[in-house]
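Protein chains in written order, with our numbering: chain X, 1 to 317; chain D, 1001 to 1344.
Worth flagging that the hints you see were computed from the coordinates, not collected in a lab.
Pairs of lysine-lysine, BS3-like flavour, derived with a Cα cap of 25 Å:
1) D:1037 / X:230
2) X:101 / X:57
3) D:1302 / X:167
Estimated spans, in silico, between C-beta atoms of each pair:
4) D:1032 / X:235: 24 to 34 Å
5) D:1292 / X:66: 35 to 45 Å
6) X:293 / D:1175: 51 to 61 Å
7) X:92 / D:1105: 36 to 46 Å
8) X:34 / D:1105: 23 to 33 Å
9) D:1126 / X:290: 47 to 57 Å
10) D:1308 / X:91: 33 to 43 Å
Heads up, the beta-carbon is just placed ideally off N, CA and C, and yes, glycines get one too.
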Amino acid sequence: MSIKSILLASVVALSPFAALAQDMTIGFSQIGSESGWRAAETTVTKQQAEARGITLKFADAQQKQENQISALRSFVAQGVDAILIAPVVATGWDEVLEEAKEAEIPVVLLDRTVDAPDDLYLTAVTSDLVHEGEVAGRWLVDEQAGAECRIVELQGTTGSSPAIDRKAGFEKAIAGNDNLKIVRSQTGDFTRSQGKVVMESFLKAEGGENICALYAHNDDMAVGAIQAIKEAGLNPGEDIKIVAIDGVPDAHLAIANGEMNATIELTPNMAGPALDALMAYKTDGTVPPKWIQTESRLYTAADDNQAIYEEKNGLGY
Amino acid sequence: MTRNAFLRRITPQLIILAIVLGLNVLVFPDFFDVEMKNGRLFGNLIDVLNRGAPTALLCLGMTLVIATKGIDLSVGAVMAIAGATAASLVVEGNHWLVAVLGALSVGALCGLWNGFLVAFLRIQPIVATLVLMVAGRGIAQLITEGTILTFLDPGLIHLGAGTVLGVPTPVLIWLTLGLFVAVFVRRTALGMLIEAIGINEASSRLAGINSRVLLVCVYVVSGIGAAIAGVIVAADIQGADANNAGLWLELDAILAVVIGGNSLLGGRFSIVASLLGAMIIQSVNSLILLSGMPPEFNLIIKALLIIAILVIQSPKVGHLLYILRASAPQPHPKQLPPLKENLR
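Throw the hints in and build the complete structure from the sequences for me.
What follows is the structure in C-alpha cells.
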C-alpha cells in the first residue's frame, strides 16, 4: 500500500466526518528531528491531518521535555480540540496531562508511551517492537523451510528497548526450529559503520560460507553489513540472506537491487490511526482501546521496492 | 634520538601490542591468517590496521596538540563536518578530488578556529575545543540536512573501501602520513620547538620561538588529520552520517596518545608510540568482537584491559618493577667484591 493510496483511502473513508473535521484544530508536539524516521513521521502527520481537513499546529521540541511541556500548555491555552504528542522521555508528564484533562482536551501518544496513569490520555499509538522481531523471525522460518541455517545477529545499542525487544521477538519466532541457530550476536549500535565493522568480524570469525542469514535490528546496520559482505567476495541477498527492521528507503533500494531480502516497516504513519480514533471519539464518543498497535508490514522482493524507495525518499527520511 | 633510545622508548607499547594480539590468537587461533580474497587482503590483522585508521589519523594531530600541553576535543565533530562536506560536494556533481580538498579545507578551518581561540584569545584548550565538539555535529547536520547523505562516486568510495595492490586504502593513508609526520618533526627542529612550548611556553617565547603561530599550526594539523579520517569513514559506508561519524573517537585518540606513553602535561612526545597506541586500542576492539561474548560485556572488557595497560605503564609500577629487579638476589652487593678479585 503506497502512502498516496493510504491518503486517498482515508479521505474517502472519512468523507462523512470531513465537514465536522474541518473546524477541528489539533496540536502536535514532536520530539525533534533526531533521525530520518522522525522527519518522515512529521511529514506524514502533516499530510494525514491535511487529508482530513484538520488544522495542525506543529511544535518541534528539539529533544527537550521542557519544550514539550510548554508546547502542551500553550495548546491547552489556545483551546485546541485535541493534542498529539511523541514524548521524548517516559516520565514527568502527570502534571501537564492533568491540566489537559481538566480542560477536557484528549491527548494521544504517538510512537512512545509514558509512565503516567492511563486515564490521563485517550490512547497510545505505537508499534510493537517484539512483534517486529517476530515478523522477521517468522519470515526466516518460512524462507528456510526446515533447511539448516546459521544466523548472525546485529543488535541495536546495548540496553535500548528496541534492541531488547526486537531480539526477544526474533528468538521467540525461531524457537522450536532446530535448523535455525544464532551463532554470533553483537551490537552494531544501530549505525551503518558499526554494522559494517561487526559484520566484517563475523565473516572472519565464522567464515562467510558458514553464515546463511543475517538479522539486523535496523536497516542502517544491514546496509553497512551488505558492503562488508560484498567486500568479502560474497553476494548479499543470495549467499547470505538479510532481514532487518524499519523500512527506510535505502533498505527498499537494497531489496530492489537483490542485495537484501526483507525489511519490516516501522510505519511513519502513526498519526493516521490516531486521528481516526480522535475523530470517532469527537463525533460519537467512541472510546478507543488504550493501545492502538500499528501494522508491522513485511516487505520482500515480491513488492515493487523501486517505487516504494522513490516514494519514501520524498518523506524526509 | 638515537636508534637505541627510540627502540627503548617504544618497547612498552610493542610489548603491550604483542600481548593483546596474543590474546586475540587465544580466542581465535586463525587470527594471523591473511589471504587474498576478491582482489584484496582479507584477514583479522588487516581489519585491525584498516579499522584503526581513523584513530591513528586523529592521534597524529592529537599527539602534537598534547605535546603543547593542549587537547583537542573537537576532532570527532570535525570528522562529521568533513565527511558531510565531502559527501555534499560529490552529490552536487563535483569531482571527488574537489570534494576531498573541500573537506580538508574545512578541517583546516576548524583547526584554525581552535588555534585562534587557544593561541590568541588564551582560552584553555579543553574549553576552546569543547565549543566545536558540541557545535560541530550541529554544523554537520545542517550540511546533510539531518539525513544520511549517500553517494556513489567510485573515486571517493575508493578512499574508504578500496584497495591499492590488495592493501586497503585507509591503511596506506595512515601509514604514509604517520611516517611523514614522525620523520618531519624529528628531522627538523619542529618537534623540539613543540616540546618546548609544552614544557614552558613563556620561556620558549623568550627563547625566540613564535609560540602562537606554532600553536595554531598544531591545531590545524589536528583538524586536517580529523578531516582525512572523516572522509575515510564516510567513504567506507558510502554516506555521511552526521549523528554517528567519529562519535566519541576523540576519546579513543586521547587514549591512544596516553597509551603511547605521552604525558597529558605536554613536553616530550613520540608519534610512533601514539600510533602503536591506536593499534593497541583497535586490537582490543578486535578481541571483543572475536571473543563472541554478549555485547553487554563489551565496555567492561575494554575498560579492564585498558586499566591493566595503564597500570603497567604507570611510573609507580615502573619504579616498583625497577626496585624488584634491583633487589633481585643475584648481583648481591656483598658478593661482589670477591667476584671482582677473582676476575683479576
